[in-house]
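Visitor: Sequence:
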Amino acid sequence: MHRPAVCVRGFTLVALAVVLLVVSLIFGGVSLSLSRTRDIHHFRKTQAQLTEIKGALLGFAAATGRLPCPASATSNGQESLCLAESGTCDAVASPPTEATSHGRCSNPYDGFLPGMTLGLPGLDTNGFALDSWGSRFRYAIADANVEPLQHLFTRADGMKSATMAAIFNKTLLSICSSATSLNGTTCGAATLLSNSAVAVIFSPGRNAVSGGIGADESANLDGDAFFVSHTQTSADSPGGEFDDLVTWIGTSVLFNRMIAAGKLP
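Residue numbering for the sequence shown follows numbering that gives the first Met the number 0, beginning at 0 and increasing consecutively.
It should be emphasised that the hints constitute simulated quantities derived from the structure, not laboratory data. Every value quoted in this text rests on a predicted model; they were computed, and no experiment measured them. Watch out, some of these pointers could steer you wrong.
Straight-line C-alpha distance at most 25 Å; calculated SDA-like pairs for lysine to any residue [to be verified]: (1) K262 - G183; (2) K262 - G54; (3) K44 - G54.
Taking the hints into account, I'd like the entire structure generated from these sequences.
Guide: Given below as structure tokens:
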């Protein structure tokens, strides 16, 4: 008389376990889907921000005849130049005329985007432009010379004085496909994507929030004239995890905008 009850009870427990398993799988799938959707949203928004930033930098050059220096970590989003053209660099934000006349940047390769100087919207309380993940955009500028002129791209009328012809074939900032064989002089065995970048702008990506960084990402923060750009990779890739979003401005694009604005030749 009790056997049917036992069967029903057993069936109910098994059915409940199956239901819980299905629900957990569905919930896990939904969570992954939502996380992936958020990542795509952040990625696309940051790409759009980088496009706007390039436009702002080109607009600044068209208006002033030069590009701004990177901001330092303490310059509150203002470009940071050295007061003196040589010797010790006593950095100053919101530079006076004598600083922009020589254009010597305090952090040419390892600074931040000067969002305050560019007048960008949506800055944080310290005046820095943030990507969609909440990290500061990084910005580097080529510190090029055509004797006797130095710091051509950030000094007042530096490009006009040096002439486009003298600048055009110079090696500037280099973009490599990997940091595996970087030697401080060339990309080594990696593909050279550009060696005529006047400015490099990049977001440190999603993993910057958690402090994650791979070898290829480290190359973008080591303070030299070589940068790495490629598609996203995981931590087990040869160059480690990489999710930086990197873009740059070449001489042709910069010169074209400045010619249109009447700042060159």
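Visitor: Next step is simple, just say for each hint if it's right about the structure.
Guide: Against the structure, the hints:
At most 25 Å may separate the alpha-carbon atoms for a hinted pair to count; K262 and G183 exceed this at roughly 33 Å. Restraint check: the Cα-Cα separation between K262 and G54 comes to about 16 Å, which is no more than 25 Å; the hinted pair holds. Among the hinted pairs, K44 with G54 is consistent with the structure: their alpha-carbon atoms are about 16 Å apart, no more than 25 Å.
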